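Trainee: The task is simple: from the sequences and hints, build the whole structure.
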Amino acid sequence: MPYLQLEHLTRSFGNSVAVRDLSLGIERGGLVALLGPSGCGKTTTLRMVAGLEQPDGGRILVGGRDVTRLPPYRRRMGVVFQSYALFPHLTVLSNVAFGLRMQDVRGVERRRRAAVALEMVGLGAHAGKRPAQLSGGQQQRVAVARALAIEPDVLLLDEPLSALDAKLREELRIEMRALQRRVGATAVFVTHDQAEALAMSDFVAVMHDGVIAQLGTPEDVFERPATPFVAEFVGRSARLIGTVEAGGVRAGPALLRAATVPVSGRVRAFVRPHRIRLLDAAGIADNMLDGVVTAIDYTGEVVQIVVETELGRVPVDIPATQEGWRGLQPGARVRVGWAAADTLCFAA
Amino acid sequence: MKVTTVLATFGYLFLLSPLAVVTILSFSSDPYLIFPPPGVSLRWYVALLGSQPVLQAAGKSVLLALLVTSLAVLAGFPAALAIARGMVPSWVGGLLALPLLLPTLVIGLALLMVLQPLGLLATWPGLALGHLMVVLPFVVRLLTTALASLPASLEDAAATLGAGPLRAFLLVTLPLAAPGAVAAATLSFLLSFDETVISLFLVGPRLTTLPVTLFHYAETRVDPMLAALAVSLIVLTLAIVLLVDRIVGLTRVLGRA
Amino acid sequence: MKRSAGFLLCLPAMALLALGFLWPFTVLIRMSLNRTDDGGTLVPDLSLATYGKLAADSFTWSMTADSVRLSAIAASLALLLGYPMALVLFRSRSRFRGVLAVAAVAPLLVSGTARVIGWLAILGDGGLINGAFAAVGLPRLALINNWTGVQIGLTESVMPYAVLALLAGFGRLDRRLEEAAATLGARPLVTFWTVTLPLTLPAAIGAWLLAFLLGVSAFITPKLMGGGRVFVLATEIYDAAMQTLDWPAAAALSVYVLALLVVVLLAQAALSRRLA
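Going down the list, the protein sequences come from chains A, B and C. The first sequence begins at 1 in this note's numbering and counts up by one. The second sequence begins at 1 in this note's numbering and counts up by one. The third sequence begins at 1 in this note's numbering and counts up by one.
Because the hints were derived from the structure by calculation, they are not lab data. You may find that some hints are simply not true.
Capping the alpha-carbon separation at 25 Å, the derived lysine to any residue pairs in SDA-like fashion look like this [to be verified]: (1) C:53 - C:262; (2) C:53 - C:63; (3) A:167 - A:286; (4) B:2 - C:183; (5) B:2 - C:53; (6) B:2 - C:103; (7) B:2 - C:80; (8) A:167 - A:124; (9) B:2 - C:169; (10) B:60 - B:222; (11) B:2 - C:187; (12) B:60 - B:191; (13) A:129 - B:179.
Now the in silico label distances, taken between C-beta atoms and shown as ranges [claimed, not checked]: (14) C:92 - A:124: 40 to 48 Å; (15) A:54 - C:15: 27 to 35 Å; (16) A:70 - C:264: 52 to 60 Å; (17) C:80 - B:169: 48 to 56 Å; (18) C:76 - A:54: 55 to 63 Å; (19) B:119 - C:22: 18 to 26 Å; (20) C:92 - A:133: 29 to 37 Å.
No experiment lies behind these values; they were computed from the predicted model shown. Glycine included, every Cβ here is placed at the ideal spot set by N, Cα and C.
Mentor: Take a look at the structure:
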């Protein structure tokens with residue numbers, strides 16, 4: 001039985017539907033990312049779980065209990081806001097202790113538990129400061145500590161890392177994941193950064209237009225997207241268009257081979273860049289295309305090569321440690337190839 | 001740009017000369033408005049302290065200002081809260097600012113016509129109502145700005161941490177709105193204390209205010225005691241402003257508004 | 001629920017507003033429709049007779065002309081004197097900026113009566129100017145208890161408002177535009193004429209307008225500095241209400257003044273649309 005259960009949630013604002021018939025179940029201690037572009041309804045969903053918005057329809061259950069009609073101050077949810085929402089007039093410790101104060105925990109015990117939560121995020125030394133005196137990363141950690149201090153049933157995070165720079169984001173991402181695991185909190189976090197979603201979560205719910213397009217493990221969502229939207233939104237890909245024929249997908253002069261193909265009609269095909277290889281003269285693959293190199297981008301761990309083929313632009317990702325890319329210049333003629341199993345097809 | 005500086009200095013001199021002159025005159029030893037004064041003396045300040053009508057009117061003005069301030073904040077705070085949180089359409093804010101559009105002369109006259117038949121002239125409620133028309137728009141405006149600058153996410157955060165609406169208000173909204181509220185109260189007090197024109201219509205033998213006393217005094221005879229009174233008022237106003245600025249950064253709050 | 005909660009919160013303030021403003025205002029208009037008979041007693045009526053009486057009285061028109069002239073000159077002088085002040089204040093980066101700002105609006109914190117006393121001491125027979133004149137053998141000038149005194153006092157009393165309005169409008173003036181003009185070879189006066197002035201024109205008009213509106217309805221300065229010889233709309237309204245007890249006339253005059261203010265505002269709106 002999932003610990004956090006969302007059943008058929010709907011929410012509209014005026015004439016536009018923000019969330020439609022959304023259902024999701026999360027096991028105890030699991031971390032689910034709600035991933036999607038802005039306007040897809042992910043933040044609205046989170047706010048409904050927190051109780052800051054009322055759903056027009058549907059139910060929210062925590063540990064079997066229906067909390068849909070409960071106001072936010074009666075649900076035991078820890079929320080980390082995008083802006084952190086730290087109380088500027090209270091010290092860091094008082095901020096973290098706030099929820100405990102609402103639970104009428106007595107002063108000494110309250111401060112002790114708040115200090116423990118603060119230690120967990122490594123900010124014990126800053127207990128007496130005001131939020132304004134802390135850096136962005138520190139404020140974010142205090143927000144997390146404050147949410148965890150009340151030992152919530154569910155931890156909700158609204159784009160918790162979006163206000164931080166790239167390096168800090170990565171650091172805190174790892175920290176937060178470790179913290180969540182340690183505490184065993186059931187967590188939902190909202191993000192539009194797919195790298196973050198894939199790296200941090202047990203499950204990813206890719207949202208589009210108010211519904212969940214695909215719910216799966218990060219690998220599922222990345223390697224086996226269920227819809228064209230997911231294929232496009234998560235990760236980069238080569239996009240090819242064709243029609244079904246005997247034996248594969250006819251795309252211009254090429255016949256693409258795939259593992260599964262729709263019965264008939266137009267097809268949108270996607271191939272992940274890291275599944276595409278540069279073939280030397282003797283190389284063969286299920287699918288092969290000739291083209292011209294137009295860009296070589298060295299990004300440190302991966303070399304992103306763009307090849308312009310007769311079927312369009314094909315991105316190829318090669319690990320920097322592999323030698324095949326050295327000496328390549330824009331304008332060079334190359335042949336790319338990939339396995340049939342790596343052609344992802346959707347009816348267009 | 002030197003030209004601008006010279007012209008500006010001229011402007012400042014023109015603007016501030018009455019204030020400077022009044023201050024110097026209050027220490028004059030001569031009972032006529034002679035400037036520069038022939039001698040220095042504190043006799044006028046002494047005369048002030050000994051003048052029953054002046055002291056009485058001063059006391060009334062202070063009490064009235066306190067009454068008006070309390071009413072303005074009590075009525076204005078919830079209204080500002082509603083406006084700042086978008087709980088009422090925006091024209092409500094405009095409506096509450098309407099009295100500012102009319103000259104105080106007209107407001108005073110209209111109130112005279114309403115209060116006199118009711119026998120409410122020269123009464124605390126009558127005068128308070130008159131002052132509130134000048135004070136309330138400012139209080140609502142200041143408090144609305146102060147409350148609007150509080151991010152709604154703070155109240156959301158308090159709610160998710162278990163604070164019901166009342167506790168969230170008392171522990172989060174109120175403390176953060178406090179500097180704005182103090183600024184509003186201070187401005188309200190000063191506006192009421194100095195209010196002259198509306199009061200002219202609404203006072204009487206039973207109840208009069210200090211600015212009206214000052215006005216009538218200036219109408220009939222002119223001696224440096226007026227100057228001493230004026231300077232005392234200026235000093236009092238300055239003292240209050242500085243004190244409140246010390247405590248809650250008044251000038252900063254007003255600057256933002 | 002949210003809707004009604006909001007209105008409930010606004011109820012006390014709205015009630016006060018209705019009680020102290022909306023209701024008296026309707027009573028005022030209603031009063032202007034009454035009449036006073038020749039004996040001076042109030043006659044309840046529902047006619048425009050009082051307005052007619054005022055319109056027929058040439059004194060009304062001469063007084064209007066005087067009031068408008070007084071305010072227009074005061075506004076213009078206040079603008080002329082206040083513009084450099086506002087400019088200096090706006091550009092100032094020195095640590096005295098705060099002090100200068102406070103000094104510019106300090107007169108607002110002081111009651112009008114106090115300022116009048118100051119002027120009486122400067123302009124009076126024994127005052128600063130005449131004292132200085134007498135010392136060098138020049139004849140005395142009658143600067144108080146007449147139109148001149150009121151003019152000077154009124155100018156000074158509306159200046160802080162003009163400066164504030166100018167400052168608010170100066171936000172559109174970007175220092176870099178003047179710098180650009182300078183790098184293109186314009187001398188300071190030319191820069192002022194071709195860049196600064198046009199950009200600040202809307203602010204200046206707004207400031208003039210504010211000063212004018214305040215001047216037309218000003219009461220304390222004309223009453224105290226006029227010595228009983230200066231008649232403007234504001235003093236007439238007061239006298240009608242408190243001395244002659246001709247309330248319909250006072251009310252009608254007030255409505256008249258308000259109408260005047262509305263006309264000026266509309267004219268300004270039309271003017272600024274032309275300029276935009």
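Trainee: All hints are to be evaluated individually against the structure, with a verdict given for each.
Mentor: Consistency of the hints with the structure:
no. : hint                     : verdict
1   : C:53 - C:262             : holds (22 Å)
2   : C:53 - C:63              : holds (15 Å)
3   : A:167 - A:286            : violated (40 Å)
4   : B:2 - C:183              : holds (19 Å)
5   : B:2 - C:53               : violated (55 Å)
6   : B:2 - C:103              : holds (20 Å)
7   : B:2 - C:80               : holds (17 Å)
8   : A:167 - A:124            : holds (23 Å)
9   : B:2 - C:169              : holds (23 Å)
10  : B:60 - B:222             : holds (23 Å)
11  : B:2 - C:187              : holds (13 Å)
12  : B:60 - B:191             : holds (15 Å)
13  : A:129 - B:179            : holds (21 Å)
14  : C:92 - A:124: 40 to 48 Å : holds (46 Å)
15  : A:54 - C:15: 27 to 35 Å  : holds (32 Å)
16  : A:70 - C:264: 52 to 60 Å : holds (58 Å)
17  : C:80 - B:169: 48 to 56 Å : holds (51 Å)
18  : C:76 - A:54: 55 to 63 Å  : holds (60 Å)
19  : B:119 - C:22: 18 to 26 Å : holds (21 Å)
20  : C:92 - A:133: 29 to 37 Å : holds (31 Å)
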